[in-house]
Amino acid sequence: QQQVKQSPQSLIVQKGGISIINCAYENTAFDYFPWYQQFPGKGPALLIAIRPDVSEKKEGRFTISFNKSAKQFSLHIMDSQPGDSATYFCAASHQPGTASKLTFGTGTRLQVTL
Amino acid sequence: NAGVMQNPRHLVRRRGQEARLRCSPMKGHSHVYWYRQLPEEGLKFMVYLQKENIIDESGMPKERFSAEFPKEGPSILRIQQVVRGDSAAYFCASSPRTNTGELFFGEGSRLTVL
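Those protein sequences? They're chains A and B, same order as listed.
Take the first sequence: its position 107, counting from 1, is numbered 218 in the numbering used here, and each next residue is one higher.
Take the second sequence: its position 6, counting from 1, is numbered 1043 in the numbering used here, and each next residue is one higher.
The shape of chain A in the complex, shown without the other chains:
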């Protein structure tokens, strides 16, 4: 019930291409869905997040698409750049109060080639 499944495990995209990473969840109580970006040797940093009252959120080149009925959400990186090469984690949480306990997917290692 608490799992978040993420795919693919790794992804190679050419510069300028679109990177797409998918996640699926089981717990229908989840109400917050962030994506985190992690560079080697660093901690994860929030990239973009969505709540289930909207189906899409866009910030610059990054877009989250959310399908509540299918319990799936995805990250699209438009015009991918070499600087986007990192590991991306989707996550989900249920926030009844002040807690922000996140359940993470297993990560996608993105490599953007020239």
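Any given hint might turn out to be false.
Estimated spans, in silico, between C-beta atoms of each pair [as the list claims (entries may be wrong)]: (1) B/S1067 with A/T224: 40 to 46 Å; (2) A/D190 with B/R1059: 17 to 23 Å; (3) A/R162 with B/R1121: 36 to 42 Å; (4) A/K169 with B/R1115: 28 to 34 Å; (5) A/S176 with B/K1108: 25 to 31 Å; (6) A/Q183 with B/S1067: 31 to 37 Å; (7) B/E1100 with A/R220: 30 to 36 Å; (8) B/E1078 with A/H187: 20 to 26 Å; (9) B/T1149 with A/N133: 29 to 35 Å.
Read the hints as simulated data drawn from the structure, not as lab findings.
Source: prediction; values computed, not measured.
Backbone N, C-alpha and C define an ideal beta-carbon position, used for all residues, glycine too.
Got chain A sorted already, so can you dock chain B onto it with the hints?
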């Protein structure tokens, strides 16, 4: 405006020794979370603390692991009698009292058990 500070960044211990990892949350943040990241895996929730209280320790191993967040000073994750399987990156995150959902992560402490 310092971020989440973790130390040490790297720690080497022999089997049977104790490891102590420290985390100072961002200024103004009163909630602290510890996560463990094994090689090539996602982040696994361990424990959630507020000042002087453990709120959720559902991800903590039942033995050898403990955490505290005293009224004064950093949060500490303590691992007694370490084994090779404890080798991992341990990340601390903090969030403010007003819950926005976002967790702010430190750069992690990388424990190697010989």
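Original post:
Which of the listed hints are broken here?
Top reply: 2, 4, 5
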